[in-house]
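Here the protein sequences line up with chains A and B, keeping their order. So for the first sequence, the numbering used here puts the first residue at 1; every next one is plus one. So for the second sequence, the numbering used here puts the first residue at 1; every next one is plus one.
Just so you know, the hints here were simulated from the structure itself, not pulled from any lab data.
Quick list of in silico lysine-lysine cross-link-like pairs, BS3-like style, CA-CA up to 27 Å: (1) Lys264(A) / Lys177(B); (2) Lys126(A) / Lys73(A); (3) Lys125(B) / Lys67(B); (4) Lys264(A) / Lys125(B); (5) Lys177(B) / Lys67(B); (6) Lys136(B) / Lys27(B); (7) Lys136(B) / Lys178(B); (8) Lys178(B) / Lys125(B); (9) Lys135(A) / Lys119(A); (10) Lys264(A) / Lys136(B); (11) Lys178(B) / Lys67(B); (12) Lys264(A) / Lys178(B).
Distance ranges between label pairs, derived from CB positions: (13) Gly30(A) / Pro129(B): 37 to 43 Å; (14) Gly179(B) / Gly79(A): 42 to 48 Å; (15) Asp233(A) / Gln72(B): 35 to 41 Å.
Predicted model only: the values in this text are computed from it and were never measured. For each residue, glycine too, the CB sits at the ideal point set by N, CA and C.
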Amino acid sequence: MGRVEGKIAIVTGGAGGIGKGICRRLVDEGARVAVADIWLEGAEEFAHELGEHAIAVQMDAGDVQSVATAIDKAADYFGGLDILVNNAAVTDAATLGADTNALDVDLDVYDHTMAVNAKGYLVGCKYALPHMLAKGGGSIVNIASGAGQLGNSVWVAYGMSKAAVIQLTRSVATAFGKQGVRCNAIAPYVIMTPHSREFFPEDLQEIYVRYTLSTRLGEVSDMANMALYLAADESGFVTGQIFNCDGGASAQHGMVPDITDWTKSYFG
Amino acid sequence: MRLAGMSALVTGGAGGIGQGICASLVKEGAQVCIADLNLEHAQAVAEGIGEGAFAIAMDAGNTENVKDVVAQAFTRLGRIDILVNTAAVTDPQTMMDDTNAVDIDFELYDRVMAVNARGYLATCKYVIPHMIDQGKGSIVNLASGAGQLGHNIWLAYGMSKAAVIQLTRSVASAFGKKGIRCNGIAPYVILTENARTQAPEGMLEVYERFALTPRLGDVADITAMVNYLASDESGFVNGQTLNCDGGISAQYGNVPDVTDWMRAHG
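Kindly produce the complete structure, drawing on both the sequences and the hints.
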């Protein structure tokens with residue numbers, strides 16, 4: 001008996017690195033999953049790999065109608081919807097490169113990022129909720145980010161969109177909790193996907209690891225395990241929460257590793 | 001099984017939440033040492049669980065005793081992969097007398113802090129060296145929503161739980177690089193069977209009104225979170241205190257009343 005046995009899920013951005021891990025984990029634990037992605041070919045290939053418990057649906061998170069259609073298609077195909085994992089976000093290198101700070105950022109970059117990352121999640125909730133309410137409940141898991149919780153010298157739009165997602169999470173939990181819908185978010189730090197492993201310079205990885213309370217960066221499985229817990233009924237009394245999957249990077253003051261080194265070298 | 005081959009020490013393991021945690025750790029494959037002030041009760045819990053659990057007497061307010069218990073647990077288990085701290089002062093008389101900064105009795109404050117805060121620190125202090133030797137370990141501290149937001153009573157209890165939340169971050173910061181994870185769970189209105197049957201009329205309805213869920217919590221809600229945090233599944237989660245509170249802390253307190261007011265005004 002799997003931990004989400006018989007549940008029906010849709011995972012947006014399901015053909016991306018983290019999305020794939022979540023889809024696979026949900027299927028392994030007994031769910032049927034719609035892999036929703038802007039990249040239909042990738043979603044189809046992956047759904048095929050997952051077998052009869054998965055289908056692919058095309059979805060552009062920045063297009064309201066496209067999200068509504070994808071969700072209805074998934075619910076029609078499987079016969080309802082229990083779990084929505086909002087994960088589709090703008091993460092291409094060009095956008096993140098241009099997403100700088102309040103002074104330099106191009107407002108088109110901001111609009112595009114907010115349309116996909118924040119409004120896209122809202123639209124996902126808006127069209128998934130009726131299906132969940134019809135069944136007496138459901139679980140929504142929003143992939144947010146530590147970038148929406150603490151300051152960063154770059155990624156102003158990305159961070160703002162993720163902060164918005166965190167408040168969306170609390171709002172959905174507050175408005176629909178009594179009707180059985182739970183809504184929680186996961187705020188990851190650096191998660192190494194097969195793709196990021198390719199372009200992420202090793203010395204930069206080491207810097208990121210240094211400021212965690214962990215011996216490593218995050219893995220896709222870390223995200224998939226937390227998403228599974230929040231999607232499953234076993235977290236039935238958890239709602240409106242933002243759980244950090246960040247190796248503890250946000251749990252200590254940033255200067256701790258440096259001041260520890262300084263203390264060691266100064267006092268010997 | 002998610003904890004196959006692992007060994008755990010659970011303090012307060014004979015309490016309402018503690019015994020649920022012990023049973024669910026064993027169900028997931030762990031060997032569990034149930035440490036509790038009430039040995040007789042702990043033995044009954046161990047017997048009820050059957051193979052995989054044994055009982056030991058422990059007074060969380062007595063540091064020498066805690067040290068000794070950790071040593072005994074390690075000897076019998078062979079290793080300690082998981083420490084779950086739940087032992088706390090929760091007797092009705094103490095909770096009744098634990099009021100506010102003006103009225104509180106310092107003896108009560110000292111006793112609550114000695115058990116709830118210093119007791120957790122003591123188990124961490126004596127268990128961590130074993131975990132370092134093993135190269136890994138997971139500590140789960142039962143904190144409370146009472147240590148995160150204001151309350152007009154339970155001053156000492158709240159302060160002790162806030163201290164536990166900081167202990168959690170401190171242990172994670174100091175020993176995370178040695179493979180040790182330390183996380184907290186902040187429950188609110190988790191009802192053991194006792195609490196459910198003994199609650200005065202109308203009280204649970206008040207709590208229910210401010211929860212975002214259709215129901216209040218039960219022990220299984222905590223055990224599922226403990227399993228997640230204890231197991232390798234949460235390998236990249238450290239220094240966190242996760243709320244298991246039906247979302248009570250996620251909304252402003254005025255929301256139910258204002259919602260009613262808006263309805264009444266059309």
